[in-house]
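Put chain H on the given structure of chain V with help from the hints.
2 protein chains.
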Amino acid sequence: MSDKGLIMIGWAALDVVYGYQDCDNSLTHTLSQIKKISSFEKSEVQESTAMKQDIQLNFEKCQGLIPVIAQDAETGQVLMLAYMNEIAWQKTIETGKVHYWSRSRNKLWLKGETSGHVQEVREILVDCDLDTVVIKVKQLGGAACHKGYRSCFYRKVQDGELQICDELIFDPKEIYGK
Amino acid sequence: MSDKGLIMIGWAALDVVYGYQDCDNSLTHTLSQIKKISSFEKSEVQESTAMKQDIQLNFEKCQGLIPVIAQDAETGQVLMLAYMNEIAWQKTIETGKVHYWSRSRNKLWLKGETSGHVQEVREILVDCDLDTVVIKVKQLGGAACHKGYRSCFYRKVQDGELQICDELIFDPKEIYGK
Chain V
1 MSDKGLIMIG WAALDVVYGY QDCDNSLTHT LSQIKKISSF EKSEVQESTA MKQDIQLNFE
61 KCQGLIPVIA QDAETGQVLM LAYMNEIAWQ KTIETGKVHY WSRSRNKLWL KGETSGHVQE
121 VREILVDCDL DTVVIKVKQL GGAACHKGYR SCFYRKVQDG ELQICDELIF DPKEIYGK
Chain H
1 MSDKGLIMIG WAALDVVYGY QDCDNSLTHT LSQIKKISSF EKSEVQESTA MKQDIQLNFE
61 KCQGLIPVIA QDAETGQVLM LAYMNEIAWQ KTIETGKVHY WSRSRNKLWL KGETSGHVQE
121 VREILVDCDL DTVVIKVKQL GGAACHKGYR SCFYRKVQDG ELQICDELIF DPKEIYGK
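Which chain is which? The protein sequence lines are V and H, in order. Counting from 1, one number per residue, gives the positions in the first sequence under our numbering. Counting from 1, one number per residue, gives the positions in the second sequence under our numbering.
Same shape as in the complex, but just chain V:
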């Protein structure tokens, strides 16, 4: 990793180790397949990774953070926006589960760590300025919002007020106990 807030990630390794899915949603490798990789094959992967570390994100614009839009991979509904620092970005890649940086708690945050409503990575899109990311996800539990709705954007502006226009999936009291 450079000292200028840029991060270089070995995506090739991610593709192999976590069964990352491409645009066509075809699973190229599974974890069980990976466990069978021989040491020879592993060294090939490492070489490939070293060759392909050419994706650079710019974390400098917003105090070490980039905004990340989580979008339902099937329906296209925007589920939430949160932030990643370099650590969250790396953890997302390493685990195939979306991690954010919680600004309110000032700590790394595995989405779903309390509720179990993990976001599994399906596709990652990067913007023209390399400072914003869309992650298409499979939202486990069917809800991204801590208030129990499918999306954090569960209200629309209508008749001068905010009107609920999304489906309530769970009762926050049952999930979070509050």
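Please note that a few of the clues may not be correct.
All copies of an identical chain are treated as equivalent in the list; a pair is satisfied when it fits inside any one copy or across any two copies.
What the hints assert, rightly or not - Dumping the calculated PhoX-like pairs for lysine-lysine here, alpha-carbon to alpha-carbon at most 25 Å:
id: 1; residue 1: K61; residue 2: K107
id: 2; residue 1: K156; residue 2: K107
id: 3; residue 1: K156; residue 2: K97
id: 4; residue 1: K173; residue 2: K91
id: 5; residue 1: K138; residue 2: K61
id: 6; residue 1: K91; residue 2: K107
id: 7; residue 1: K61; residue 2: K156
id: 8; residue 1: K173; residue 2: K156
id: 9; residue 1: K138; residue 2: K156
id: 10; residue 1: K91; residue 2: K156
id: 11; residue 1: K138; residue 2: K91
id: 12; residue 1: K147; residue 2: K61
id: 13; residue 1: K107; residue 2: K173
id: 14; residue 1: K138; residue 2: K173
id: 15; residue 1: K97; residue 2: K147
id: 16; residue 1: K173; residue 2: K147
Hints were generated in silico from the structure; no laboratory data involved.
Chain H in isolation, oriented as in the chain V frame:
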């Protein structure tokens, strides 16, 4: 407007004056209709607005800015992410055309002011924390990205590299002369 970075907007007036469309995409009023509103009707609108100024956004978390996700109202494709300050937010409401605050140029930015690729507001969604907005838009010209692609998120991560996966709509040299 309060002194705590909260903004109260008369959405009722927006609905009437700019033909704002609801979830069902049904146009309730057109600008030409509005021009026929009598002074009596105008005073009714003002009273209604005063009654309904109850949508508050929190601009404090990110130095006076909120992130705004522009999403194609028809396809659901995420087109871009940019920021609004209170002025941009107000201008968007006043005009029915999306305005952002350009962080690089440090100025108010009517999206499409150079290219003509204006974003017309179709629906506005607000998140659970009142600090992020999704605006569903009709993207004039068919492209949101200054590089000529439909979306700023025109690249996906594949095989360790960024691969273009979106449609090129225009040649930036022709539009911006560079």
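Hints versus structure:
When the C-alpha separation of K61 and K107 is checked against a cutoff of 25 Å, the pair qualifies both within a copy, at 20 Å, and between copies, at 16 Å. Within a single copy, K156 and K107 get their C-alpha atoms no closer than 30 Å, and across copies no closer than 28 Å, so neither meets the 25 Å cut-off. Taking the shortest Cα distances, K156 and K97 sit within 25 Å of each other only across copies (17 Å), while inside one copy they are farther apart (29 Å). When the C-alpha separation of K173 and K91 is checked against a cutoff of 25 Å, the pair qualifies neither within a copy, at 29 Å, nor between copies, at 39 Å.
Proximity of K138 and K61 under a CA criterion of 25 Å is satisfied in neither setting, with 29 Å inside one chain copy and 28 Å between copies. Taking identical chains as interchangeable, the C-alpha atoms of K91 and K107 lie at most 25 Å apart only when both belong to the same chain, with a minimum of 13 Å there against 36 Å between chains. For the identical chains of this complex, K61 and K156 are inter-copy neighbours only, at 21 Å across copies versus 30 Å inside a copy, given an alpha-carbon limit of 25 Å. Taking CA atoms no more than 25 Å apart as the test, K173 paired with K156 passes inside one copy only; the shortest distance there is 24 Å, against 38 Å between copies.
In this assembly of identical chains, K138 and K156 lie within 25 Å of each other by CA distance both inside one copy and across copies; the values are 24 Å within and 17 Å between. Taking the closest pair of Cα atoms, K91 and K156 come within 25 Å of each other only across two copies (19 Å); inside a single copy the shortest separation is 33 Å, beyond that limit. For the homomeric pair K138 and K91, the shortest alpha-carbon distance inside one copy (17 Å) is at most 25 Å, but the shortest distance between copies (36 Å) is not. Taking the shortest Cα distances, K147 and K61 sit within 25 Å of each other only across copies (20 Å), while inside one copy they are farther apart (30 Å).
Taking the shortest alpha-carbon separations for K107 and K173, only the intra-copy value of 23 Å comes in at or below 25 Å, while the best inter-copy value is 44 Å. In this homomeric assembly, K138 and K173 come within 25 Å of each other (Cα to Cα) only inside a single copy, at 24 Å, whereas the closest approach across copies is 39 Å. Within a single copy, K97 and K147 get their C-alpha atoms as close as 21 Å, which meets the 25 Å cut-off; across copies the closest is 31 Å, which misses it. Taking the shortest Cα distances, K173 and K147 sit within 25 Å of each other inside one copy (9 Å), while across copies they are farther apart (46 Å).
In summary, the numbered hints that this structure violates are 2, 4 and 5.
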